[in-house]
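A.B. asks: So the sequences go chain by chain: L and D. Under our numbering, the first residue of the first sequence is numbered 407, with each subsequent residue one higher. Under our numbering, the first residue of the second sequence is numbered 407, with each subsequent residue one higher.
Hints were generated in silico from the structure; no laboratory data involved. It is possible that some hints are incorrect.
The list treats identical chains as one, so a pair stands whether inside a single copy or across any two.
As the list claims (entries may be wrong) - Restricting the straight-line Cα-Cα distance to at most 27 Å, the calculated cross-link-like pairs of lysine-lysine (DSS-like) are: (1) Lys947 <-> Lys729; (2) Lys679 <-> Lys891; (3) Lys473 <-> Lys668; (4) Lys970 <-> Lys702; (5) Lys430 <-> Lys954; (6) Lys891 <-> Lys729; (7) Lys593 <-> Lys923; (8) Lys970 <-> Lys430; (9) Lys729 <-> Lys954; (10) Lys947 <-> Lys833; (11) Lys923 <-> Lys430; (12) Lys954 <-> Lys730; (13) Lys833 <-> Lys907; (14) Lys907 <-> Lys593; (15) Lys430 <-> Lys907; (16) Lys477 <-> Lys970; (17) Lys947 <-> Lys473; (18) Lys679 <-> Lys702.
2 protein chains.
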Amino acid sequence: MRLLRIGLAQINPIVGDFDHNLGKIFSFVTGAKEKEIDLLCFPELCLTGYPPEDLLLRPAFLRDGLKALYKIIEFTKGKRIVLIVGFVDVNVDIFNAAAIVSDGELKGVYHKMYLPNYGVFDEERYFRAGDAPLLIELNGIKIGITICEDMWYPIGPAVTEVVNGAELIVNISASPYHMGKRELREKMFSIRAFDMLTPVAYVNMVGGQDELVFDGYSFIVDENGEIIARGDGFEECLVIADILFGDVSRHRLRDPRLRKEKFRSMVKQAEAKLICIDGGKGKKKGSFYFKQNGIKNPLSPLEEVYKALVTGVRDYVRKNGFKKVVIGLSGGIDSSLVATIAVDALGAQNVVGVFMPSRFSSTESKEDAEKLATNLGIEFRVIPIEPVFQAYLDVLSPHFVGTEPNVAEENIQARIRGNILMALSNKFGWLVLTTGNKSEMACGYATLYGDMAGGFAVIKDIPKTLVYKLALWRNELEGRDIIPKRVLEKPPSAELRPNQKDTDSLPPYDILDEVLKMYVEENLPIDHIISLGLDPMVVLKVARMVDKSEYKRRQAPPGIRVSKLAFGRDRRVPVTNSYRENDL
Amino acid sequence: MRLLRIGLAQINPIVGDFDHNLGKIFSFVTGAKEKEIDLLCFPELCLTGYPPEDLLLRPAFLRDGLKALYKIIEFTKGKRIVLIVGFVDVNVDIFNAAAIVSDGELKGVYHKMYLPNYGVFDEERYFRAGDAPLLIELNGIKIGITICEDMWYPIGPAVTEVVNGAELIVNISASPYHMGKRELREKMFSIRAFDMLTPVAYVNMVGGQDELVFDGYSFIVDENGEIIARGDGFEECLVIADILFGDVSRHRLRDPRLRKEKFRSMVKQAEAKLICIDGGKGKKKGSFYFKQNGIKNPLSPLEEVYKALVTGVRDYVRKNGFKKVVIGLSGGIDSSLVATIAVDALGAQNVVGVFMPSRFSSTESKEDAEKLATNLGIEFRVIPIEPVFQAYLDVLSPHFVGTEPNVAEENIQARIRGNILMALSNKFGWLVLTTGNKSEMACGYATLYGDMAGGFAVIKDIPKTLVYKLALWRNELEGRDIIPKRVLEKPPSAELRPNQKDTDSLPPYDILDEVLKMYVEENLPIDHIISLGLDPMVVLKVARMVDKSEYKRRQAPPGIRVSKLAFGRDRRVPVTNSYRENDL
Chain L
407 MRLLRIGLAQ INPIVGDFDH NLGKIFSFVT GAKEKEIDLL CFPELCLTGY PPEDLLLRPA
467 FLRDGLKALY KIIEFTKGKR IVLIVGFVDV NVDIFNAAAI VSDGELKGVY HKMYLPNYGV
527 FDEERYFRAG DAPLLIELNG IKIGITICED MWYPIGPAVT EVVNGAELIV NISASPYHMG
587 KRELREKMFS IRAFDMLTPV AYVNMVGGQD ELVFDGYSFI VDENGEIIAR GDGFEECLVI
647 ADILFGDVSR HRLRDPRLRK EKFRSMVKQA EAKLICIDGG KGKKKGSFYF KQNGIKNPLS
707 PLEEVYKALV TGVRDYVRKN GFKKVVIGLS GGIDSSLVAT IAVDALGAQN VVGVFMPSRF
767 SSTESKEDAE KLATNLGIEF RVIPIEPVFQ AYLDVLSPHF VGTEPNVAEE NIQARIRGNI
827 LMALSNKFGW LVLTTGNKSE MACGYATLYG DMAGGFAVIK DIPKTLVYKL ALWRNELEGR
887 DIIPKRVLEK PPSAELRPNQ KDTDSLPPYD ILDEVLKMYV EENLPIDHII SLGLDPMVVL
947 KVARMVDKSE YKRRQAPPGI RVSKLAFGRD RRVPVTNSYR ENDL
Chain D
407 MRLLRIGLAQ INPIVGDFDH NLGKIFSFVT GAKEKEIDLL CFPELCLTGY PPEDLLLRPA
467 FLRDGLKALY KIIEFTKGKR IVLIVGFVDV NVDIFNAAAI VSDGELKGVY HKMYLPNYGV
527 FDEERYFRAG DAPLLIELNG IKIGITICED MWYPIGPAVT EVVNGAELIV NISASPYHMG
587 KRELREKMFS IRAFDMLTPV AYVNMVGGQD ELVFDGYSFI VDENGEIIAR GDGFEECLVI
647 ADILFGDVSR HRLRDPRLRK EKFRSMVKQA EAKLICIDGG KGKKKGSFYF KQNGIKNPLS
707 PLEEVYKALV TGVRDYVRKN GFKKVVIGLS GGIDSSLVAT IAVDALGAQN VVGVFMPSRF
767 SSTESKEDAE KLATNLGIEF RVIPIEPVFQ AYLDVLSPHF VGTEPNVAEE NIQARIRGNI
827 LMALSNKFGW LVLTTGNKSE MACGYATLYG DMAGGFAVIK DIPKTLVYKL ALWRNELEGR
887 DIIPKRVLEK PPSAELRPNQ KDTDSLPPYD ILDEVLKMYV EENLPIDHII SLGLDPMVVL
947 KVARMVDKSE YKRRQAPPGI RVSKLAFGRD RRVPVTNSYR ENDL
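Construct the complete structure from the given sequences, taking the supplied hints into account.
C.D. replies: Given below as structure tokens:
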């Protein structure tokens with residue numbers, strides 16, 4: 407019986423921390439040995455972490471990466487297990503590569519052939535593309551190797567490998583999360599497997615790295631495109647499955663698509679290199695598709711986004727060496743949600759909430775902030791900004807004489823709050839989490855160096871309407887209102903002038919978010935958006951706000967990407983930009 | 407006599423401002439007609455401005471760009487002149503393209519073949535690469551078209567064009583400035599011309615766009631590689647030269663390298679497309695290499711950097727719709743230089759200097775700041791921060807109880823100053839220029855939201871040692887000390903605590919800048935730097951400071967790039983980054 411026990415090591419590496427990543431890899435190898443796994447696959451660039459960005463241009467970094475690889479090779483000496491490990495190969499040029507390692511030997515190296523250079527990806531900046539599909543033969547089973555983007559083209563190295571005899575395709579990946587990504591990924595891999603009549607094993611990393619969160623959800627699809635194993639979302643795990651290869655070839659007899667000369671001739675049949683490895687035959691194992699740890703259910707959509715945020719916060723804080731965070735609590739929905747996420751990520755003892763009232767703060771705001779802090783069990787401090795605000799007004803009064811109060815006085819208050827949080831950060835080493843949402847970021851409805859001051863912008867990619875949904879969902883999960891009910895019900899206000907409401911400056915959030923989704927995320931032309939029945943003046947106003955506030959976003963802290971198009975490396979718009987689409 | 411009068415229209419476009427760019431192009435066409443120019447070449451992507459970045463992903467932007475091109479075509483109706491204009495072609499996909507336009511017709515389109523995707527360039531993100539070299543024949547002279555990067559490879563489309571008969575290569579370019587770039591560029595083009603036995607006409611844009619400054623310096627080299635015409639640095643101009651083509655072919659008879667079959671067979675001789683254009687023969691013109699406006703002398707090295715900074719400031723301020731700027735004057739060298747640059751860029755009436763003394767400010771600082779303002783003839787304001795600082799200390803005192811004064815109290819002062827400048831900006835619409843230099847940016851010796859608060863960081867890419875040189879040079883140019891002598895002589899201090907000196911925290915600037923140049927710009931491994939004889943502890947300390955302050959730089963305002971490797975789009979390092987090279 408031609409059978410392979412495959413393991414997918416869904417790990418959370420740290421960019422540039424070779425020791426940490428090696429330790430992680432060794433412990434998964436040890437765990438896999440205990441489970442008698444034949445082939446253990448690690449994610450793309452798991453040795454360096456992903457994306458290492460311009461660290462790749464430092465010779466010492468490349469050298470240290472190769473040293474780490476050789477420690478892995480050493481570690482496998484005498485062990486009957488084959489590893490596929492993502493690393494940076496240095497061979498005349500640098501390559502995004504997969505090492506095939508077994509029993510103290512580097513059996514082969516595959517170079518990624520398709521380099522993504524769009525959205526958040528810049529791989530053409532760093533790597534030379536490979537040009538050689540690679541097969542390994544293990545226990546008489548031919549396995550084709552691919553890396554991430556290689557599988558996002560209908561005709562890529564996997565097809566060449568299959569035409570050259572592969573009965574299983576392995577794809578090692580570092581695929582960042584956005585809403586809907588898991589579904590898309592599984593659907594696509596399912597059809598790739600169906601088209602190639604070949605099972606596909608996909609291993610992804612987990613964890614946060616700056617703006618990116620990797621969701622894991624490694625999986626295996628069979629030759630029909632059915633999911634036969636799936637790992638957890640956002641958690642490290644070892645996915646295990648037994649694949650019986652009699653079935654693959656039997657299936658191909660009945661479904662002869664791969665036989666068609668017309669199809670085979672579409673594929674550039676570069677003689678795929680074949681490496682034979684003795685994996686230690688004759689072990690007895692479970693029967694067909696012995697789903698060692700089964701098919702984990704994916705998270706619900708809101709749970710998934712929430713968990714992405716929790717993961718992003720936890721990893722940004724921890725991987726950057728911080729223990730505690732501080733958050734300005736306004737009594738509003740945004741800071742309430744951010745504090746809740748922070749507690750879920752770091753524990754209540756590591757979160758400090760600071761309420762900073764001004765002359766415009768309502769008593770309700772203070773009550774709501776305090777109640778939230780009590781509900782979360784976090785430290786709560788009150789630091790009034792009024793004396794500082796008055797001192798600013800005094801020193802500025804000779805300069806502001808004859809002017810009406812405007813955004814200048816409003817921003818001073820926001821900036822005092824920013825300074826106070828930063829002073830606490832500087833004094834106690836706490837990281838400041840900012841609380842601005844995507845709707846605000848899009849419109850520039852935020853104060854640079856004020857509420858935008860901080861190390862990490864937790865909900866920067868969450869539109870206001872989704873902020874409400876997440877808060878409601880979290881309360882429901884808890885079975886009580888950790889985020890006070892009134893916070894969810896009162897109209898949003900920045901409280902920087904008397905009776906201020908967000909709707910003084912912005913369209914209602916349901917309309918705003920609809921326009922933003924179309925203009926920013928879907929990149930629709932303005933006249934197209936208007937033709938869908940939206941108020942032209944509103945659409946144009948929103949578009950102009952987005953265009954004009956790029957300078958603020960340029961100085962915003964990084965934040966967690968959960969949408970298909972986040973502000974940040976995803977959307978690279980010049981600050982100096984006179985383009986105004988559809989001037990009316 | 408086969409003779410061509412060529413014009414290089416070295417213009418300063420604005421990204422996204424099609425009307426402005428069209429107006430500029432029309433006026434240069436009109437000027438060129440008056441001078442009986444046959445062929446007028448505009449820079450790469452001059453119609454959109456460069457780099458348009460993700461505007462290229464907006465369908466409406468592409469559509470408006472094509473509309474603008476058709477206005478140019480229309481404009482040439484009845485005019486006997488051939489234009490080469492950089493634009494974005496949309497044809498199944500998008501291309502970085504050159505339009506050949508004459509007499510109301512689009513005669514042909516060339517697509518850039520080599521797309522740069524390193525340093526500050528991201529063209530693989532946007533464009534499909536072209537695959538067809540293009541020749542035009544004008545007055546019986548065959549001319550090969552190339553775009554920027556195409557010429558930075560020893561074998562590119564130009565060689566194919568020459569092998570197919572080109573006697574002149576045109577290169578339209580958008581090549582950003584850095585120190586030494588002009589020399590490198592002219593040397594390289596000289597050798598390209600020498601290798602191909604073919605004159606090359608190179609047109610570059612001028613002006614600032616966010617972090618980039620384009621230096622112009624368009625030029626023509628003859629078939630020997632000698633410069634026969636050069637335009638100004640950092641100024642718009644029309645470079646004109648007459649080229650006599652009898653000479654080119656005569657030269658090739660004597661130097662038969664292009665005849666060698668071995669060399670010709672190295673070139674992929676894709677049949678280069680040929681477009682014949684009737685340019686209106688028989689005009690009488692001057693004799694061989696009639697250098698219409700001659701060879702402009704390049705600027706001296708310091709003058710060149712200074713002019714890059716002036717250009718960068720002027721264009722950032724003006725293109726973003728600002729009239730006046732405000733600068734915090736500390737009485738130190740950095741803010742003095744920035745104010746001087748601002749005055750040279752915008753005029754003294756558009757620059758406001760604000761001195762913001764604290765309890766730690768010396769009387770010398772105030773005297774120096776005021777003297778500078780007087781020398782420059784700018785408005786000078788004094789806004790003491792002491793009452794605000796005291797108010798902060800008061801509200802924070804219950805929280806800081808039992809702690810020693812540290813960087814928290816220091817940063818509060820810097821942030822008050824940032825807030826005051828931003829308040830003036832918000833009240834009066836002035837842009838805040840920040841004054842931090844590259845040495846500080848590199849080491850994180852700057853306060854986020856404090857002295858880093860502002861719209862544009864003028865000397866962000868100027869190391870401290872170069873700051874001194876530029877200040878001295880500017881004083882010498884003026885023939886008197888506009889920047890007071892004492893400013894140049896006193897030891898640098900942030901004045902945020904008693905008797906503070908920069909050297910309390912940093913190595914002496916001459917050593918610091920040397921290490922930074924090697925570690926950041928030259929990307930040398932740490933052990934290599936140490937092996938050059940530098941103190942290992944100093945080198946390691948500097949490298950650690952650079953590595954650890956990436957989070958600050960991520961939130962810094964954009965600033966002018968003048969070095970081969972500036973902080974910004976040039977150097978994309980993760981914030982979350984545990985890599986520490988050579989931990990001792």
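A.B. asks: Next, verify each hint and record whether it holds.
C.D. replies: These are the hints, each one checked on the structure:
no.	hint	verdict
1	Lys947 <-> Lys729	between (42 Å within a copy, 24 Å between copies)
2	Lys679 <-> Lys891	neither (63 Å within a copy, 71 Å between copies)
3	Lys473 <-> Lys668	neither (46 Å within a copy, 43 Å between copies)
4	Lys970 <-> Lys702	within (24 Å within a copy, 50 Å between copies)
5	Lys430 <-> Lys954	between (45 Å within a copy, 24 Å between copies)
6	Lys891 <-> Lys729	neither (30 Å within a copy, 48 Å between copies)
7	Lys593 <-> Lys923	within (24 Å within a copy, 49 Å between copies)
8	Lys970 <-> Lys430	neither (30 Å within a copy, 38 Å between copies)
9	Lys729 <-> Lys954	between (37 Å within a copy, 17 Å between copies)
10	Lys947 <-> Lys833	between (42 Å within a copy, 22 Å between copies)
11	Lys923 <-> Lys430	neither (39 Å within a copy, 36 Å between copies)
12	Lys954 <-> Lys730	between (35 Å within a copy, 18 Å between copies)
13	Lys833 <-> Lys907	between (34 Å within a copy, 21 Å between copies)
14	Lys907 <-> Lys593	neither (44 Å within a copy, 62 Å between copies)
15	Lys430 <-> Lys907	neither (50 Å within a copy, 45 Å between copies)
16	Lys477 <-> Lys970	neither (38 Å within a copy, 36 Å between copies)
17	Lys947 <-> Lys473	between (55 Å within a copy, 24 Å between copies)
18	Lys679 <-> Lys702	neither (35 Å within a copy, 58 Å between copies)
The structure does not agree with the numbered hints 2, 3, 6, 8, 11, 14, 15, 16 and 18 stated previously, though it agrees with the rest.
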